[in-house]
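Trainee: So the chains spell out like this:
Protein chains: 2
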Amino acid sequence: MSAGMTLVDAALKAGVDIETPCGARGACGRCIVRVVSGNVDTDSAGKLSGEQLDAGFVLACRTRVADTDLTIEVPQAKDLEGGQFGDSLEGIRVLNPSLMPGPQDIAPPTGKVTMDVSAASGGDGLSDLDRFVMAMRDRTGATRVNCPLGVVQTLAESLRASSGKLTVTSAHSDTRHTVVAVEPGDTGRRQYGVAIDIGTTTIAALLVAFPEARIVAVHADYNGQVSCGLDVISRINYARHKRGLDELRKRVLETVNGLIGLAAQSGEIRARDITSAAVSGNTTMIHLLLGLNPDYIRLEPYTPTLLDVPVFSAGDVGLDMCPRAPVVISPAVGSYVGGDITAGVLCTDLAADAEDICLFMDIGTNGEIVVGNRDFLMTCACSAGPAFEGGGIGCGMRAAEGAIERVEIDPKTGVASVGVIGNAKPRGICGSGMISLLSGLFSACWLDQAGKLDRDRPSPAITVKGRRAAYTIVPAKKSGTGEDIVITELDIENIVRAKAAVYSACAMILNQIGIGFESLSKVYIAGGFGRYIDLDGAVAIGLLPDIERSKFHFIGNSSLAGTYMLLVSERHRRAQRELARRMTYIELNTDPGYMDHYTAALFLPHTDPGLFPSVHMGR
Amino acid sequence: MSAGMTLVDAALKAGVDIETPCGARGACGRCIVRVVSGNVDTDSAGKLSGEQLDAGFVLACRTRVADTDLTIEVPQAKDLEGGQFGDSLEGIRVLNPSLMPGPQDIAPPTGKVTMDVSAASGGDGLSDLDRFVMAMRDRTGATRVNCPLGVVQTLAESLRASSGKLTVTSAHSDTRHTVVAVEPGDTGRRQYGVAIDIGTTTIAALLVAFPEARIVAVHADYNGQVSCGLDVISRINYARHKRGLDELRKRVLETVNGLIGLAAQSGEIRARDITSAAVSGNTTMIHLLLGLNPDYIRLEPYTPTLLDVPVFSAGDVGLDMCPRAPVVISPAVGSYVGGDITAGVLCTDLAADAEDICLFMDIGTNGEIVVGNRDFLMTCACSAGPAFEGGGIGCGMRAAEGAIERVEIDPKTGVASVGVIGNAKPRGICGSGMISLLSGLFSACWLDQAGKLDRDRPSPAITVKGRRAAYTIVPAKKSGTGEDIVITELDIENIVRAKAAVYSACAMILNQIGIGFESLSKVYIAGGFGRYIDLDGAVAIGLLPDIERSKFHFIGNSSLAGTYMLLVSERHRRAQRELARRMTYIELNTDPGYMDHYTAALFLPHTDPGLFPSVHMGR
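Sequence lines, in order, name chains A and B. When we follow our numbering, the leftmost residue of the first sequence carries the number 1, and every step to the right adds one. When we follow our numbering, the leftmost residue of the second sequence carries the number 1, and every step to the right adds one.
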């Protein structure tokens, strides 16, 4: 290692990837390492405790090599469970079966036809391509057949391998066909597409077999960009230099291509047999996937390069599948309401021709809200932060095996008993666990309206250090990590901020329409909370409004479900474009009223008790 | 080096490229090397003389390593003058000025427009792409604007670098525009295209500046595939394995891209400022350029994958220029009448609406013939071999500096005096020199009708070794190589075969039409003979028919000139497609009469003296 280099760079040179979720700005503390021997110049004070500094811990991003003979120890990343979660089909939940594509709707972006091409003959003066194009015209009625070079390169062999019987995969608009692949023989029964949901934190991919539109495999993994920043704003910052943008693109493609590979493996096919793709993601994720500078998303007037995305080829996008496969990308509505939302609403009555006003909220690292009916659709976004997905919380983790998803508090002792995903030893807490924990502590009065733990009643679970208190959910001896699983008041503040952002954005948009929460006929909740949601708990902490519980519908990863519908049916592709076109985007950042709503929501459940009558009754 | 490996492979492993023009079949003798120490297993007998074998010379392709401690000496390639020839504009000769594109015709495959795109605004909900497409529609009347990902990636910066003033390069068909490049500001005066002629032996590139269609630079070089085989058949053989095909594609792209780079340098532009290309080559060259298996060109029924070539992008083809630039490739008529011919005829009255019957012949490694007028066009091809381009002849070379291009024979002594290109010391002899030499020797009776040197009259220039005689054109002391420049009877046989192939193909096709040479109003001769042609000499050896000399028109590299016209004008692109469509292709290989014509032409000038009255009169 060379003197002057940061430890992050020095470690990378030595082949060790130290993750810097905040973009190496010394903000997140995730890149903590211990200097075992040798000298460093560090600027870690203020980020780490005196004890940590004394023990030789530093932040790798804030520390530079002073002495080239240096040994550092990188702690095991204990909160990365990539690939262990969500690999099941239960993400696809569509409450209204009438919205699902029926057999008559199934029309993926590419179709297959089998045809016979006349044999080569010296007399007719026709090339292989001439005879192929003539056969395509006869078989499909195409007026124009565009045959990319990659297809032409395989044509001679394919034609001669099967005496002219070919199966052609093509995309068409009207009577203009673009050939995607040519295979010898009849391969009509082998037709696949992939639906990909690119979340800021998690990426999921579904392999779909046509013509039945059957889901063959589903796989999910952390977005490989997580180590470059936890939320979209840190990613945008990371991408400000071309090298950062290139790295982010490379990382998301690595994750996506890994999932495509896994899905192909599960389906026992070759990835290049996948001949169409549908992709959804928020506006920033799509910009990064396509190698587009996302900086203008963040800068006034918040104008992205793309909202409605042209159809590019898999090869251009960088997806490891049939290189000429068309990639349909969900249209976005604005900088912070992306294609994941226009895909998600496809799973709700907002996509039906209904009069009742519904509200759709997707609670992820960003929170997005859509409200409306057949007459109007309004949408806005807020920055919830990654708390509910396990980010920015010391013991936070995804809804994976070992995650605490449910907590009960002994009202007398304040001690928690927990439910853990997979009945494993607990390793951390996921979003639904946090809601359950906070509402439990709040209901039993171990937590006050301001989010402070009770320092006056003694509890074995509460420890006070200086001005800050912390709550031990699971002690070291019962924990899967061998350490206490602890939530601090700082963590609680993060969770309260997240719920306040979401609630106040909903309140704000309804306020603009001039209705209250009680006027909504349905509230759809999408997002990565995990399987179990404590609905009363979510109301108790003020994340969800205090309305009739039967109006709430948890729809899981609706972006993935919607992307599946897009992949499968032209009707839904049209419906989505129409929905996107109809949505009116409201910019909360520039709305002076939003901050008031937000500040009022920074209490448990809210500064206005009248808004949460059932909670105050129950406490 | 490992035992059992051929010396060619062993040398390649050691970084030395031994050229094997015949495709390493032991046929051409070019891969001669000397074993300095160590043991080899060689099968070079029969190809090399006893003296050569005694001196340790072997053919690298026929020799395998027996002993891993081996030293070999690779002779300097003395006949590769890459880049030294033809770098002038004189290749562009169009006899009939009315055929040249006029100012009103100039319409390259891509055009530039300058426009103003409205600034980003939060209120309109429009992305950068939305505003760009709207401006394109307003400015050009486009109904559909296809914006490839590579363009979208630069859009945000371009828009913001120039307050929305952009110069857009696009290709269009009707009202569908495909954007090729977007630049900030007004760059309308900076527009370039490249015309590329891919010969089996030589590749040439012209850089053209628009809107004037001015030729900015011309560069030529040997086709990098030469070391994989001298003629199209050896290239096709070389390409039979995928690896060979990949290598040939790589090699031709290296040469082409080298020339594009040189042309850009000469024009003081960046290669990526070149936004259109026109390419011509024979059918095999175009298949290899595009990575298409050429094997079916060689196999009955001689059906290539492509004749009429779709427009691909420079990036797909592999050209180092603007990656989305369209590449217009000249259409071929058959396996052995390629786009170089349909480009070449654009420079002749065959492209004019004339009644007179004209004959076009392109004499290269392959000879192609087109005959006709406005009512009919017939075409055929013959295999002349590379003799006239310097290949397969011991002292043969291209028409470059140091090449003997003119020879006079002292009738008494048989000794030659020579004219050399660039007034340099002679290093070899080019095609026009060979014609001049043979006709001189023949006229002075030092060479007989069968191509044998006179063994009976003593001449210091003629040496007889066993059954073979050889003629020293320039003795070592006057030569630029320090060695005698010698032509053997074997070389003469090669030249006679080449001229016989061309002449008999012409005779054959006229025979089919039912006319004789005297009915032709013009004979256009294209090809790489060099600048000087001894017309009487060419008639004397029976390469050209014995008709009125004023009917002959040497048009140089008409393929390059025609490719220039294609690049420059839509009218010529249309005219070429129409010409290609009208040409009737005659397959000589399957015509039983051709061999009779050919055999009859294997004499000087011909077995039928009545066909060459002036020659016999002069002798």
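Hints listed in this document are in silico derivations from the structure and should not be mistaken for laboratory results. Heads up, the beta-carbon is just placed ideally off N, CA and C, and yes, glycines get one too. Honestly, I wouldn't trust all of these hints.
Just the calculated beta-carbon pair ranges, DEER-fashion [unchecked claim]:
1. A161/A with K465/B: 32 to 42 Å
2. M134/B with T584/A: 16 to 26 Å
3. R571/B with R137/A: 47 to 57 Å
4. R549/B with S163/A: 50 to 60 Å
5. R34/A with A119/B: 48 to 58 Å
6. M115/B with E157/A: 25 to 35 Å
7. R571/B with P103/A: 47 to 57 Å
8. P103/A with E254/B: 48 to 58 Å
9. P103/A with K242/B: 34 to 44 Å
Here are the simulated DSS-like pairs of lysine-lysine, each with C-alpha atoms no more than 25 Å apart in a straight line [claimed, not checked]:
10. K165/B with K242/A
11. K242/B with K165/A
12. K477/B with K465/B
13. K522/B with K452/B
Trainee: Could you run down the list of hints and mark each one as holding or not?
Mentor: Structure-based check of all given hints:
1. Checked against the given bound of 32 to 42 Å, the beta carbons of A161/A and K465/B, roughly 53 Å apart, lie outside it.
2. Roughly 20 Å separates the CB atoms of M134/B and T584/A, a value that falls within the hinted 16 to 26 Å.
3. Roughly 28 Å separates the CB atoms of R571/B and R137/A, a value that falls outside the hinted 47 to 57 Å.
4. Between R549/B and S163/A the Cβ separation comes to about 54 Å, which falls inside the hinted range of 50 to 60 Å.
5. Between R34/A and A119/B the CB atoms are about 52 Å apart, so this pair conforms to the stated range of 48 to 58 Å.
6. For M115/B paired with E157/A, a C-beta distance near 45 Å fails the hint of 25 to 35 Å.
7. For R571/B and P103/A, the hinted distance range of 47 to 57 Å is satisfied, since their beta carbons lie about 53 Å from each other.
8. Checked against the given bound of 48 to 58 Å, the beta carbons of P103/A and E254/B, roughly 53 Å apart, stay inside it.
9. In this structure the hint that P103/A and K242/B lie 34 to 44 Å apart at CB holds, the actual value being about 42 Å.
10. With a CA separation close to 23 Å, the supplied pair K165/B and K242/A stays within the 25 Å bound.
11. The hinted pair formed by K242/B and K165/A meets the criterion: a straight-line CA distance of about 23 Å does not exceed 25 Å.
12. In summary, the hint linking K477/B to K465/B is supported, as the alpha carbons are separated by about 22 Å, within the 25 Å threshold.
13. With a C-alpha separation of about 33 Å, the suggested pairing of K522/B with K452/B is violated against the 25 Å cut-off.
Checked against the numbered hints above, the structure violates hints 1, 3, 6, 13; every other hint is satisfied.
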